[in-house]
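A.B. asks: In case you want the letters, here they are:
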Amino acid sequence: MDREILHITVPAFPIALARVVHAHLRGRPVAVAPLNSERALLQCISAEAEAEGVHVGTPIYHARRSCPSLIVIAPDPHLMAKGSHALTELSAEFTPIVEPGAGRVFLDVTASRRLFGPARDVAARMEKSISTGLGLVAMAGAGGNKLVSRVAADVMQEPGVYDVFHGAEKSFLAPFPVSVLPGVGESRQTLLFRDLNLQRVEQVAALSVPQLRLAVGAFAPLLHDRACGIDRSPVQPPRLSTEIVEEGLLDQEENDDAVLLSELLRLVEGCGLRLRQLNKGARKITLSVMYADGVTQQGKKILHSATAFDLALMGAAEELFFSTCKRRQRVKGLRLSCDQVAGEAGQMDLFAPAAAEVSRRESDLQETLDLLREKHGKNAVRWGKGLAAHREVTVASEAPPAWDPEQNRYMTVTKN
Amino acid sequence: MFVHLHVHSSLSPGWGVLSPEALCAEAARLGFDTLAVTDRNGLYGVPRFLDAAREAGIAPIIGTEAVTEQNRAVLLASDEEGYANISRLLSDLHCEKGFDLCRALLQYRHGVIVLSDDARLLAALKGAYAERLFAELSPGHDMHRALALSRDLGLPPVATARALVRATQLEAPPARAGGELRDFHLHRVLRAIHLNTKLSRLAPDRTASEADALYDATQMADFFPHCPQALENSARIAAMCRREWDFSTTIFPAFRELNNDDAFATLKSRARAGALWRYGAIDEKVEARLDKELSIIRDKGFAHYFLVVEEITRQSQRTCGRGSAAASLVAYCLGITHVDPIRHNLFFERFLNEGRSDPPDIDVDFPWDERDAILDFAFARYGARRAAMVANQVGFKGRSALREVAKVYGLPDCEIKEMTERVSGFWRPEQTAAAMSEHPLFQGESLSPDWLEIVATARRLNGQLRHLSLHCGGLIIVPDEIRRYVPVEISHKGLPVIQWEKDQAEDAGLVKIDILGNRSLAVIRDAMAAVKEQKGVEIDYASWRPLEDERTRSLMRRGLTIGCFYLESPSVRLLLRKIWSSTAPPETFDADLFEVLVQASSIIRPAANSFIQEYVARMQGKKWQHLHPLLEGVLGETLGIAIYQEQITQIAMELAGFSASEGDQLRKVITKKHKEKRLADFRAKFVAGGTERGVSATVLAAIWEQILSFAGYSFCKPHSASYALLSAKAAYMKANHPAQFMAAVISNQGGYYSPFAYISEGRRLGLAILPPDINESEYHYLGKEKTLRIGLMQIDGFTRKGAKRLFGERQEGGRYASFADFLQRSGVQRADAERLVKAGCFDALEGLERRPALLWELLHFQQQDTALLFEHKTTLPKAPPYDADTVLRQEVEALGFLASRHPLSLYKAQWQRHRPIRAAELIKHSGKWVTMVGWWITTKMVEDKHGRPMEFVSFEDVTAIFDATFFPDVYARFCRKLSQRRPYLLKGVVEEEFGVATLRVKWVGFLEGNG
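Protein sequences, first through last, are from chains A and B. Number 322 in the working numbering belongs to position 322 of the first sequence; there are no gaps in the numbering. Number 10103 in the working numbering belongs to position 103 of the second sequence; there are no gaps in the numbering.
Derived from the structure by calculation, the hints contain no laboratory data. Glycine residues also receive a C-beta, built at the ideal position from the N, C-alpha and C atoms. Treat the hints loosely; a few may be bogus.
The list that follows gives simulated cross-link-like pairs (lysine-lysine, DSSO-like), each with its CA atoms no further than 27 Å apart [unchecked claim]:
#1 K326(A) to K10198(B)
#2 K326(A) to K10417(B)
#3 K10198(B) to K301(A)
#4 K10804(B) to K10493(B)
#5 K10198(B) to K300(A)
#6 K170(A) to K10878(B)
To give a feel for the contact side, a few chain A residues facing chain B, derived at Cβ under 7 Å [what the hints assert, rightly or not]:
#7 N36
#8 L196
#9 N255
#10 A292
#11 D293
#12 R328
Model the full structure from these sequences, guided by the hints.
C.D. replies: Here it is as structure tokens:
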């Protein structure tokens, strides 16, 4: 039976989301890039920026040269996660087979035809609910496979549905530039194809596999298939994970370790509590540090034995923090995830060193704390470490010296 | 009874806070008469400290704190031998791997007093020699353990404070110290910068203790009620140390182990031989001048120095001795300099005179690509034992201070950049702080508390040493052992470098030879070689008189000097054009061209615009008189305007009765360092002296203003003359052999303009620009007859290795017959071959339309090379040729610019609609409102007299380069658009001045898309 795949995309998703939150970004050229250096590459650009000659993948300073009014914002993983989640949730109303991506979602609606009608109807309803529910503009494409539906959605200039009929895949793709084919989008391949003067998909489809192999090597048969509109890949829903995740954004970006550690303690307590409620322990903890400039660093640590106690977790997390958070840059948020969550009766490793006996007193303490907090609220009892530390502040009350233009009269600034 | 024996100044790298001057002043205020400065692992500030101590009336003790991973000790010099030993020890510490302080101290123990609380070190040293060895007791540093150690080992204890900060600040409440930022906070910030960490992660053992302060004697006594002898011992040690240091003796290099008399005799005979070579015969004038110079050289013991410089200079065929040394006839005769000082009236006294106590230095330029070899020669000749390079002591300037502190505070780079890009690199941190509160660039912005704190911290970073770097050319050679005089470190490049920068080295009597790289010498060298090879014309470099050539003279008078050393910039070219413009009377053309060139190249300096105007007017015959008759003798040759540096001295002498040395000091103060405090004194003296001689106050003020305009930079006449000669040589090459000259200019890179601008200039000179070609091109550009062939060096990303293979094979096996032949023979990597194809190197062989087909061939060749078993023969697809846009884009990608045509020509259809005037005819539209098209060439940003930024931009259209001015109001409107490399559409008014037209821009737009 022919598949019916639907693709919904929100163009420049991170920017579209940011524009929902920050009105001043609307209608202006915007780009997303980590702000740690002027050489950082643009990850996403708005249509206004594209019109000014800015491209994804160029360094910030380069882009500013052709578009001086470009607003560059740091990637916001938190907002992205929220947006993606909302998108996936909307899709789940129509089919359980949903594959989310960054601002994109594939739906396999082959089996829900009876329920919701053809793919294009589903698409229209989704676009509407995205627009009313999220305030975003989405485009939709429908077709017999993921490749075609994606290309169809990307073609759309404004909201609507592009439905590619079965059997018309090859001729549909023919006039498109080669860069729509997955695997050619990377800049290296694009450049090669440009140099070989292969501009449209039909030109690639016309080459034989051995000819194509000269250019792209082992990727040739697959690329040939794709150029002919053949794509057998299934829509893959994300796998469920057993991770327990706590995430925290600081009120104010900060690089003082004391402040960061107190925030980390809060996350550890959150994770610990959830683990204990499940009556399980974690063996692996992962800490992501999100810096103010959009860079994220991640560190992992495997514990000797699964644990759910705050003190043990905090010890490990603290160590992990010092080995992970190595930049001077201010931190925007922390994310702690506890993985390899195992029930206490899990199978034990034959040759593992004897796990340190959890002392009775430690578990009693934890139990008591949990009880107290349950009864009197989260903040009834707190670790001293967790009290919000204050950054050392040096009060500078010196009056600024007077500006004396005389001193600078004979100095010039030259730039290239 | 206490003396501070362990004190850190701001020259302890990444550690110290207070300058030697501040420390000495503070110590004097606290009532001390003796002070030691012991910087970490170095004698970085000794000459400065000695100066500061003399000023403050303090007896200086020289020492250091040697710190390694394992050990720590304070070393003080009890005599000169001790100083030499400390210096040697520190050199070993920096230069030797596996350095062990204990072992080194056993070796260099003579004359050195050691204070330490390091048990292992004390025990090891005591075993060998227990004299002059003390246990160091400092408050806040495990004093009890140190005291126990002293008792156990039977060593006398000594009290130190490890002083770093001012003690007065400690009494203030913790958060603030008298409204002033705490020294200790600054120390922590410095440590964080040094260790690349943040304040909250700075381990206490990596910083000093907060109690390490410069206490007064009573406060110190309070720390040692249990051990008064520790205090007494400090005074005892101070008495043991040498406290009169004199570094003023000049230390000259020694030439080939000759004694002074032999060296002088050698110099004399060489100078006379040289005079014969230069002049043919020695006439009276030359004789007299030679005698005079030689006698001063003999008296000052300068003969060795001359001989050493001569020997180094001889290593290259083309050099340019510059600086004040060009005033010396001896240097001219030895071939160190090339301007005839007699003919051009250069005063020897500017270089060397009886009264001058500091050693003058000789600067010599070498072709940039030969400089390293020259240094190698010098080090091979004199060895690292006797020779070393001068250092730059890298500290903080306005911009770096702000940036580094902000990084410690963890701010994102873009936020930092947003602030720092408005800060001039010239500003000192103090000025930056002022600017951020008052400068128009920062107006209407309130700084966040974070930034306020950062600015408050950054403004205190003033002169704190971060690290050493290599001075670009200063070489020091001593007769015996360099490490005796100053500690030596090893630079990144592997050259030995002393711990002092040029001023301190000079203060300590070390004479430096400046060996600098100069691209223009290489340009002239390469152009001459090409001319010789192609035309068989050889020019004798030594006797070459370029200005006797009429074409050269005409070229310079018309300001067509793009590519000519020193005269390239738009401002100089504009000046040259103005001087000899259509409004100039015939007399202007009679003036000695060389003299005018020297003056013109010297007068161009920032903010000298009004003087330049006046100068041009007077050159063109405007009536003028001296501001005061006394100036006649000084400013006569420069039309009554102060142009040369030495004229400051002469004016002060004539007008205000300064002595020669005072005048020289005034010159130094204005043009060099530490000026604020002393300038006011000089001004008072100047006014007083002038008034005494009956000069009116207004005249004095006007002259003082002229003198001050030298602040930015200025040159002495001999220096400018040396460079003017070099400029003239370049101009000669350009006027007579334009193709070879332009090829050499672009090939040597690093000119004032981009290769694109030079290629445009070549086109204006009537040269045909030829594309790179696999058989015709060399690696560098090739100028031949009326053509300029682009070299393969211009191809972006083309590797040196690929070039080597390509040219090697072409030389051996002859020209490449086809692309296939090239692939077979050259063995060039795929990426390189691809770049060659795209740059059009095979267009002549295979045709432009076959470029994509060649790339298929390349892929096929590569596959066969790696031999996949089953796919030996694949029929290659028929590739259609590129369209015109792709070809142009490939050209820009491969070369970095459009060479086959002027980029503006692509927009022709569009700009014709606007009816722009041609740049070559700008003058015809003087005073009118016009439209022009332009391609951006170069820019210079300046500030007007109110401190508002404005910009001078040079554009070119297809006919000529023209200068456009963006005055502050227009600049403010369009500045954000100005650096884009797009075709400009400009509207404005043509302004004429001295017969030369410029465009005063009123509106800026762009041409869109291809026409």
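A.B. asks: Determine for every hint whether it applies to the structure shown.
C.D. replies: Consistency of the hints with the structure:
no., hint, in the structure
1, K326(A) to K10198(B), "holds (10 Å)"
2, K326(A) to K10417(B), "holds (22 Å)"
3, K10198(B) to K301(A), "holds (24 Å)"
4, K10804(B) to K10493(B), "holds (26 Å)"
5, K10198(B) to K300(A), "holds (23 Å)"
6, K170(A) to K10878(B), "holds (22 Å)"
7, N36, "holds (5 Å)"
8, L196, "holds (5 Å)"
9, N255, "holds (3 Å)"
10, A292, "holds (5 Å)"
11, D293, "holds (4 Å)"
12, R328, "holds (5 Å)"
Comparing the model with each numbered hint stated earlier shows that all of them hold.
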